[in-house]
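*Asks:* Residues per chain, in single letters:
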Amino acid sequence: MNDSLDALYRDIIMDHFKYPRGTAKLTDPDIGNEGKNPTCGDEIQVAVKLDGEMVEDIFVGCKGCAISVASASMLSEIIKGKSVPEVKHIASIIKAMLKGEELKEQIDLGDLEALRGVKNFPVRIKCALLAWTTLIEGLEAYENRRRASVITTE
Amino acid sequence: MGRILDLPAAGAMAVLDPDRIKDDFPILKRLIRGKRLIYLDNAATTQKPESVIKALRFYYENQNANVHRGLHTLAEEATAAFEATRRKVAEFVGGVKPEEIIYTRNATEAINLVAYSWGRANIKRGDRIVLTKMEHHANLVPWIVLAKATGAELEYIPFDSQGYLDLSRVNSLITANTKLVAATHMSNVLGTINPVEELIEIAHSKGALALIDGAQAMPHMPVDIKSLGADFYVFSAHKMLGPTGVGILYGKEAILDSMEPFNFGGEMINEVRYDYADWADLPHKFEAGTPNIAGAIGFGPALGYLANLGMPAVRDHEIELTGYALEKLAALDSIRIFGPTEPADRGGAVSFVDKNIHAHDLATVLDSYGIAIRAGHHCAMPLTKALGVVGTARASFYIYNTRDDIDVLIEGLKSARRYFGYE
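Chain order of the listed sequences is A and B.
No gaps in the numbering here: position 15 of the first sequence is 15 in the working numbering, and each next residue is one more.
No gaps in the numbering here: position 29 of the second sequence is 1029 in the working numbering, and each next residue is one more.
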């Protein structure tokens, strides 16, 4: 009914919005972080359980719009089973894609391909980024903590 | 009265004709994604009539000069036009002295000016500042910062589930150690028009001053600052047909006289030596640096436009339109409306949520129909949180809006539900 809207709210996005993945809480996560989008008040909680360097499980609890919820849901699917450096690499590619930057390499983004249309709605880019920036902050804090504990034990 | 602005005679009740008014606003002829623009974000900023746009252009093409210092023709004309608006403002707000009208960048800066200049000199540890729980960040953050810096305490007048201030609490909250009561005249989220006259009276009875944030009230209803008795009253030109970058601080002359300047530099001095400076008289003491000359000059015809319509007629139009919008929105089962349900108690800023669709998504869908609304926390985070929502959608009306605009909004909201598969 409305082409410009369909470019944003693709079926796959609506599916992730209505049936978000990764919403089961983790009992003993290694990484936890909360994010907020101050322009709209959207809130997200991200928690990650690691198995060594691998993401064993992830929880995303997002109170937000269709775009931020769908983006968080897709994030939970794609990073499961990936190593921490891989997750950071994927996140940097997604961020570039959402901002409309030229991608240096092509990877299989799966459902996340559907978020390509977001770059044509500048005010909505932040919605799609929320989960990713919150996850990266959490990962970085985790790595800093680990580095610090290595230094103290040395 | 009525000399400078040529106000309609008292008792002459005009009715607005929004369809005719629309013709005076070039931007309303614009198409958005192929659809007629339905502008319902007037609480954020209003559109500008031809006369305001022309005045800006005329100034830059014919009179551009700095004010208050040149001795040439352009400087004289620019200064005269700049000061003429000050007199128009003084008359528009109920006939105060032009020296009591201070130009700022916006209402936010006007409040900051008071918080720094008056606040730092008069607020001490143990003093109390009383606000309401429905303040915009502009009338909240400066006081949080001041309280932190001075050790003063902040207290808040709560509001009930209908969005009315709980007046039974006011007398106990405004104590003898209260130095300032700062309240919004009309909430930008709930739409509530607060009984500021009563608040000012209680503040004065306890020896406190009263600052009223009129950013949402002054553009939409008759306001007589003098009879309200406010010590400070702030508002913004751009929310009442004028250009952006011009705010107004009204302050009682004796209080402004007692205050130190907020900014220091050119245009605000009396005499400067290498080791000494003293200040110019009001209002220039508070207007350091080159002001927004074009903006102030463009504000003149904006005030003229509103005065010509008559503020009682503006208010009547908005009561009628708000009543219609509340009725239509209430008929949608999925919509929850915030604020008073009685149109006479509120202004035309109507916040609502859809029980399934996030306000951001609503705004995006409505934009595809050419409808501009605001979505989010509306610079009132604590208030939004108190309402128990992440954010709200807000439609806000002005003189050029019609029942037809609201019908299009309602259709847009229904389409959004169909689009998201809820109906």
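Where hints are given, some of them may not hold.
[As the list claims (entries may be wrong)] In silico DSBU-like cross-links for lysine-lysine, where the CA-CA straight-line distance does not exceed 35 Å:
no., chain 1, residue 1, chain 2, residue 2
1, A, K36, B, K1097
2, B, K1148, A, K119
3, B, K1148, B, K1355
4, B, K1226, B, K1148
5, B, K1097, A, K25
6, B, K1148, A, K99
[What the hints assert, rightly or not] Sample of chain A residues lacking proximity to chain B, with all beta carbon distances greater than 12 Å (derived):
no., residue
7, T23
8, D108
9, K119
[Said to hold, decoys possible] Which residues of chain B face chain A? A few of them, derived with a C-beta cut under 7 Å, are:
no., residue
10, R1033
11, D1354
12, N1356
13, H1358
14, G1376
15, G1391
Since the hints were made in silico from the structure, they are not lab data.
Note that this is a predicted model, so its numbers are computed, not measured.
Here a beta-carbon is modelled for each residue, glycine too, at the ideal position from N, C-alpha and C.
*Asks:* Hint by hint, note whether the structure agrees.
*Replies:* Hint by hint, here is what the structure shows:
| no. | hint | verdict |
| --- | --- | --- |
| 1 | A/K36 <-> B/K1097 | 46 Å, violated |
| 2 | B/K1148 <-> A/K119 | 41 Å, violated |
| 3 | B/K1148 <-> B/K1355 | 38 Å, violated |
| 4 | B/K1226 <-> B/K1148 | 32 Å, holds |
| 5 | B/K1097 <-> A/K25 | 63 Å, violated |
| 6 | B/K1148 <-> A/K99 | 39 Å, violated |
| 7 | T23 | 17 Å, holds |
| 8 | D108 | 28 Å, holds |
| 9 | K119 | 14 Å, holds |
| 10 | R1033 | 6 Å, holds |
| 11 | D1354 | 11 Å, violated |
| 12 | N1356 | 10 Å, violated |
| 13 | H1358 | 4 Å, holds |
| 14 | G1376 | 4 Å, holds |
| 15 | G1391 | 5 Å, holds |
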